[in-house]
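A.B. asks: Residue numbers (my numbering), protein chains in the order written: chain A, 1 to 499; chain B, 1001 to 1499.
Don't take each hint at face value.
[Unchecked claim] Derived pair list, reagent style DSBU-like, types lysine-lysine, alpha-carbon separation capped at 30 Å: (1) B:Lys-1202 <-> B:Lys-1317; (2) B:Lys-1057 <-> A:Lys-35; (3) B:Lys-1213 <-> A:Lys-202; (4) B:Lys-1317 <-> A:Lys-14; (5) B:Lys-1452 <-> A:Lys-35; (6) A:Lys-121 <-> A:Lys-85; (7) B:Lys-1494 <-> B:Lys-1308; (8) A:Lys-461 <-> B:Lys-1167; (9) B:Lys-1094 <-> A:Lys-35; (10) A:Lys-434 <-> A:Lys-445; (11) A:Lys-462 <-> A:Lys-74; (12) A:Lys-60 <-> B:Lys-1014; (13) B:Lys-1060 <-> A:Lys-14; (14) B:Lys-1462 <-> A:Lys-106; (15) A:Lys-452 <-> B:Lys-1035; (16) B:Lys-1167 <-> B:Lys-1432; (17) A:Lys-456 <-> B:Lys-1035; (18) A:Lys-60 <-> B:Lys-1167; (19) B:Lys-1057 <-> A:Lys-57; (20) B:Lys-1456 <-> B:Lys-1072; (21) B:Lys-1167 <-> A:Lys-213; (22) A:Lys-317 <-> B:Lys-1035; (23) A:Lys-14 <-> B:Lys-1456; (24) A:Lys-207 <-> B:Lys-1432; (25) B:Lys-1035 <-> A:Lys-35; (26) A:Lys-213 <-> B:Lys-1397; (27) B:Lys-1035 <-> A:Lys-462; (28) B:Lys-1014 <-> A:Lys-35; (29) A:Lys-432 <-> A:Lys-389.
[Said to hold, decoys possible] Negatives, chain A to chain B, calculated, CB over 12 Å: (30) Met-1; (31) Lys-14; (32) Leu-48; (33) Met-51; (34) Asn-151; (35) Pro-182; (36) Lys-202; (37) Ser-206; (38) Ser-229; (39) Gln-273; (40) Glu-331.
Calculated from the structure, these hints are not laboratory results.
Computed from a predicted structure; not experimentally measured.
Don't be surprised by glycine CBs; every beta carbon is placed ideally from N, CA and C.
2 protein chains.
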Amino acid sequence: MKENLKQFYTYLEKMERLQNASSIINFDLMTVCPKNGYEYESETQNMLSTMIYDISKDDKYIELLCELNKEKDKLDIYQNRLIEKNFREYNNFKNVSSELYSEQLKSYSDSYSLWIEAREKNDYSIFAPALKKNVEITKKVLSLRPEFNGNYYDTLIDNFEEGFDKKDYDAFFYELKKHLIPLIKKVYSSPKKIRTDFLFRKVSISKQEEFSKYLMSLIGFDNDCGMLSTSVHPFTSTLARYDTRITTHYYEDNFISNMYSIIHEGGHAIFGQNEPQEIYDNHLQNSMTMAMHESVSRFYENRLGRSKEFIHFIYPKIMELFSEELGDVSEEELYLGINAVMKQPLRTEADELSYCLHIIIRYELEKEFVDTDNFDFSSLEKRWNSLYKEYLDIEPKNSVEGILQDVHWTDTYGYFPTYAIGNAYNAMYLEKMKKEIPVSELLKKGDFLTIKDWMKEHVFKKASLLPPKDWIRDIAGEDLNPKYFIEYLEEKYKEIYDL
Amino acid sequence: MKENLKQFYTYLEKMERLQNASSIINFDLMTVCPKNGYEYESETQNMLSTMIYDISKDDKYIELLCELNKEKDKLDIYQNRLIEKNFREYNNFKNVSSELYSEQLKSYSDSYSLWIEAREKNDYSIFAPALKKNVEITKKVLSLRPEFNGNYYDTLIDNFEEGFDKKDYDAFFYELKKHLIPLIKKVYSSPKKIRTDFLFRKVSISKQEEFSKYLMSLIGFDNDCGMLSTSVHPFTSTLARYDTRITTHYYEDNFISNMYSIIHEGGHAIFGQNEPQEIYDNHLQNSMTMAMHESVSRFYENRLGRSKEFIHFIYPKIMELFSEELGDVSEEELYLGINAVMKQPLRTEADELSYCLHIIIRYELEKEFVDTDNFDFSSLEKRWNSLYKEYLDIEPKNSVEGILQDVHWTDTYGYFPTYAIGNAYNAMYLEKMKKEIPVSELLKKGDFLTIKDWMKEHVFKKASLLPPKDWIRDIAGEDLNPKYFIEYLEEKYKEIYDL
């Protein structure tokens, strides 16, 4: 078996190398590739993806994997997890022909083009048939899994957050809705006026760049193992063991956008830069779920970055760097401003409180259109708008700020809910953290390193090793529970809006 | 044969794709890769190089190439040139075992490490044995060529500038020496003092960045097909048909260094961005020699960029951007300052006149140590210093500014002379150009587009198609002749130094 494992690792190393090349190219494409160079370079990236795909379909690779899977109980926990993970992946796709796979990729890219066109023309009806086709082909692919049990959306949920299903999510979102919808309505009717004018004052890019460097080093980003670049949409990419990079987008009239992009992506990067060596030695790197990853970036962005304590710490630095632009803003005004509920239709611009309601809407819609036979996709926009009215009291002015706002439905379904699960995870581990280290005090003096060390030991260490249910239980001592997140939001927003 | 050609092209396309990936990675490594990410990323690049090498050693690839080579006279001129070029490459290396090839690569990297160490310790004797070993292994590899005629340096010259040999170069450099050594001695003894103080005044990086953008667009760099980044040493890289990028290095106290890096690398890029489509269609892109490429970058940098006419055109822009820093500098002082002969030991910092003498020294030394049996490498530094004293009246203070200044001898030999050949080429085509378009007038009004169009039609069009001797004859109507370059330097420097 040792020999099998050794041979199997050779395949993984080859795939990791090709993935490294592909990630470097992707980073280049997203940050600096010139306009006319984009097409050829994307094709090169596609070639590398095909090479990785071909290895995963190689007879010898599959033979080794199946052999190892039979005896996986004799392996150590890392090896066991690796084989389990790779076998599941193989098993899920073994009945999908390369023709069907190509058809699926084509459906994705067609629907992306149509989504772009629909946005340009502000007309959902252009996108609707592509969405329908995409969902159909997704379901066809799911139905080919040997263990497929007839529940499409359950399977999609499990894809992104292993071990979870609709029942778990329904219970979770039920609690969220029950508390957050009444809370946001109260916020709306609060007479309290929060100053936000200063958030949109002009701040030069070069000053924002300086601020970015300061923030990155403050929160513990390792510049020897990563760097900062710019891209249309901020993102984080772990290219290799010692190379996790982040990007941001500078807007002259919205310096807050960059500030929280840096802290959010910086949080992702700190996770990427601090996975343990054993995880890499066992080829398990980046095996954590998206919700685990988002839990950390949102922890840095919201729980730390938007806290009163952090604003207290950062206020003098902001006054030093931006005295010209923000000299008339008090510490209290700054804190309230960055937490103001804006009542606007875009998820990506939402405050912490509204954010989860945006996600609930997408969750409910996805469940409907994936699990309803012969779903009428032409009716989806109406349904979208009515849920926005009901939960958030928002009426999108058009499709672009409504149903066409997110790119996600051009390929995947079941991904949106993980954004909310991530918030609940971090509320759970923050409860635990507070019992062990004085988080408020640390934030007030800007000591992020102690926080990072705790995260490293408790949150990062087993993220790529354990399935999410085991992972959160290991950290917090209990199963996923929305309670802590809800309590936090209620307390925070009641104070902010004098409720 | 058509079928063979088609199959052969499939291999070339695969190699081009892998080369594209490798070039993107190389660009990343040289511009943004974080310190600790460098090692893994370099290994990924090595893997891609090995994949390209493996294709070139593939039996089927070689069979197709040999078949096509037998019938190459039936092919069109592009196809013929392609097969000839690839067959020569294959033939030159077919007797080199992969062990010997690895040994050569190891010898290169060992000598690079020892060169670094020698520089750190300012001690040539550390590098000497590595240089000796490198030259020996290079000669061993050359001796395995089926057509090897016993002349090592001739073969190396032909490697870089196909069709040339020692006899050609000896005649060429003889003329250069005969005229330029007396000329530079006269310059040294001229009583004329040229102002250079302003060249080293502090200019902010952001102003230099703005100036770079202006210069790039002025000379005709296409921003849709390329971009500008920064790296330790400026370079140009053609990643793909529509993607040629340049880099620069900003020094706050030497804005001229960036100005001429931009024009030099911009010249390379304009060449890269303007090769004809047929060259790409026939897989001949970037088949030009290094001397051809350098001829163009030096044409932009020196013949255009350091001309009186260009300084006249650019002077108002410089006064506008750098009024604070250079307000007291007249147009005449600027022109003289950027052309001043500095009498310093570093090739890369040299003025146009000294430059060729640096190259002559390296040419003469290479000839000696490559073609002398049992050459005594420990004596090389003494020889270096004596030639510097004799030709340039310079005594290097130490090895770092003397024999250890260039990295080139850690791998290749026969490359240095092409820097001088390039200068002679561009002097030849400028003579021709002047007869057809009013170059001085165009420069005075900053019309680089007309110049670019002429270059496209006459200089770029056949560069990847013709061997250099045919190419320069096709452009200038005569064989390589140092006369025009020498006349230009004599005229220019006699005027500058009132000789």
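A.B. asks: Evaluate each hint against the coordinates.
C.D. replies: Each hint, compared with the structure:
1. A hinted pair counts as satisfied when its Cα atoms are at most 30 Å apart, and Lys-1202 of chain B with Lys-1317 of chain B qualifies at roughly 18 Å.
2. At roughly 35 Å between alpha-carbon atoms, Lys-1057 of chain B and Lys-35 of chain A are farther apart than 30 Å, so this suggested pair is violated.
3. Between Lys-1213 of chain B and Lys-202 of chain A, the direct Cα distance comes to roughly 24 Å. Compliance with the 30 Å bound is thereby established for this hinted pair.
4. Distance restraint check for Lys-1317 of chain B and Lys-14 of chain A: the Cα-Cα separation of roughly 53 Å exceeds the 30 Å cut-off, and the hinted pair is therefore not satisfied.
5. As the CA atoms of Lys-1452 of chain B and Lys-35 of chain A are separated by approximately 22 Å, the hinted pair is consistent with the 30 Å bound.
6. For the hint linking Lys-121 of chain A to Lys-85 of chain A, the alpha-carbon distance of about 43 Å lies beyond 30 Å, and the restraint is violated.
7. Only pairs whose Cα atoms come within 30 Å are accepted, and Lys-1494 of chain B paired with Lys-1308 of chain B is accepted, the gap being roughly 14 Å.
8. About 68 Å separates the Cα atoms of Lys-461 of chain A and Lys-1167 of chain B, which puts this hinted pair outside 30 Å; it is violated.
9. Taking the CA atoms of Lys-1094 of chain B and Lys-35 of chain A, the gap is near 40 Å; set against the 30 Å cutoff, the hint is violated.
10. Our distance criterion of 30 Å between C-alpha atoms is met by Lys-434 of chain A and Lys-445 of chain A, whose separation comes to about 16 Å.
11. Restraint check for Lys-462 of chain A and Lys-74 of chain A: satisfied, since their Cα atoms lie roughly 20 Å apart, inside the 30 Å limit.
12. Of the pairs offered as hints, the one joining Lys-60 of chain A and Lys-1014 of chain B holds, with about 24 Å between alpha carbons and a cut-off of 30 Å not exceeded.
13. Between Lys-1060 of chain B and Lys-14 of chain A the CA atoms are separated by roughly 24 Å; this keeps the pair inside 30 Å, and the hint holds.
14. Taking the CA atoms of Lys-1462 of chain B and Lys-106 of chain A, the gap is about 40 Å. The hint is violated against a cut of 30 Å.
15. Our distance criterion of 30 Å between C-alpha atoms is met by Lys-452 of chain A and Lys-1035 of chain B, whose separation comes to about 22 Å.
16. At roughly 26 Å between alpha-carbon atoms, Lys-1167 of chain B and Lys-1432 of chain B fall within 30 Å of each other, so this suggested pair holds.
17. Between Lys-456 of chain A and Lys-1035 of chain B the alpha-carbon distance is near 22 Å, which keeps this suggested pair within the 30 Å criterion.
18. Note on Lys-60 of chain A and Lys-1167 of chain B: the hinted pairing is violated, with a Cα-Cα distance of about 58 Å set against a maximum of 30 Å.
19. Proposed proximity of Lys-1057 of chain B and Lys-57 of chain A is supported: the alpha carbons are some 26 Å apart, at most 30 Å.
20. Restraint check for Lys-1456 of chain B and Lys-1072 of chain B: the C-alpha separation of about 28 Å stays at or below 30 Å, so the hint holds.
21. Pair hint Lys-1167 of chain B plus Lys-213 of chain A does not hold up; C-alpha atoms about 58 Å apart against a cutoff of 30 Å.
22. Among the hinted pairs, Lys-317 of chain A with Lys-1035 of chain B is consistent with the structure: their alpha-carbon atoms are about 29 Å apart, no more than 30 Å.
23. Our distance criterion of 30 Å between C-alpha atoms is broken by Lys-14 of chain A and Lys-1456 of chain B, whose separation comes to about 43 Å.
24. For the proposed pair Lys-207 of chain A and Lys-1432 of chain B, the alpha carbon gap of about 51 Å is over 30 Å, so the pair is violated.
25. Under the criterion of a C-alpha separation no larger than 30 Å, the hint pairing Lys-1035 of chain B with Lys-35 of chain A is consistent with the structure, at around 28 Å.
26. About 40 Å separates the Cα atoms of Lys-213 of chain A and Lys-1397 of chain B, which puts this hinted pair outside 30 Å; it is violated.
27. Only pairs whose Cα atoms come within 30 Å are accepted, and Lys-1035 of chain B paired with Lys-462 of chain A is accepted, the gap being roughly 27 Å.
28. Our distance criterion of 30 Å between C-alpha atoms is met by Lys-1014 of chain B and Lys-35 of chain A, whose separation comes to about 23 Å.
29. A threshold of 30 Å between alpha carbons decides the hint, and for Lys-432 of chain A with Lys-389 of chain A the separation of about 37 Å lies outside it, so the pair is violated.
30. Annotated as non-interface, Met-1 of chain A keeps its C-beta farther than 12 Å from every C-beta of chain B; the closest such distance is 28 Å.
31. Listed as outside the interface, Lys-14 of chain A is inconsistent with that label: its C-beta sits roughly 8 Å from the nearest C-beta of chain B, within the 12 Å cut-off.
32. With 12 Å as the threshold on Cβ separation, the claim that Leu-48 of chain A sits away from chain B is violated: the shortest Cβ distance comes to roughly 7 Å.
33. At the 12 Å boundary, the C-beta of Met-51 of chain A falls inside the reach of chain B, the nearest C-beta of that chain being 9 Å off.
34. For Asn-151 of chain A, the non-interface assignment is confirmed: its Cβ lies about 41 Å from the closest Cβ of chain B, beyond the 12 Å cut-off.
35. For Pro-182 of chain A, the requirement that its beta carbon stay farther than 12 Å from each beta carbon of chain B is met, with the minimum near 48 Å.
36. Distance check on Lys-202 of chain A: its Cβ is at least 17 Å (rounded) from any Cβ of chain B, clearing the 12 Å threshold; non-interface status holds.
37. The beta carbon of Ser-206 of chain A sits about 7 Å from the closest Cβ of chain B, which is not more than 12 Å, so the claim that it is off the interface is violated.
38. Listed as outside the interface, Ser-229 of chain A is inconsistent with that label: its C-beta sits roughly 7 Å from the nearest C-beta of chain B, within the 12 Å cut-off.
39. Residue placement check: Gln-273 of chain A does not keep its beta carbon more than 12 Å from all beta carbons of chain B (closest about 10 Å).
40. Annotated as non-interface, Glu-331 of chain A keeps its C-beta farther than 12 Å from every C-beta of chain B; the closest such distance is 32 Å.
Going down the numbered hints, you'll see the structure goes against 2, 4, 6, 8, 9, 14, 18, 21, 23, 24, 26, 29, 31, 32, 33, 37, 38, 39, while the others check out.
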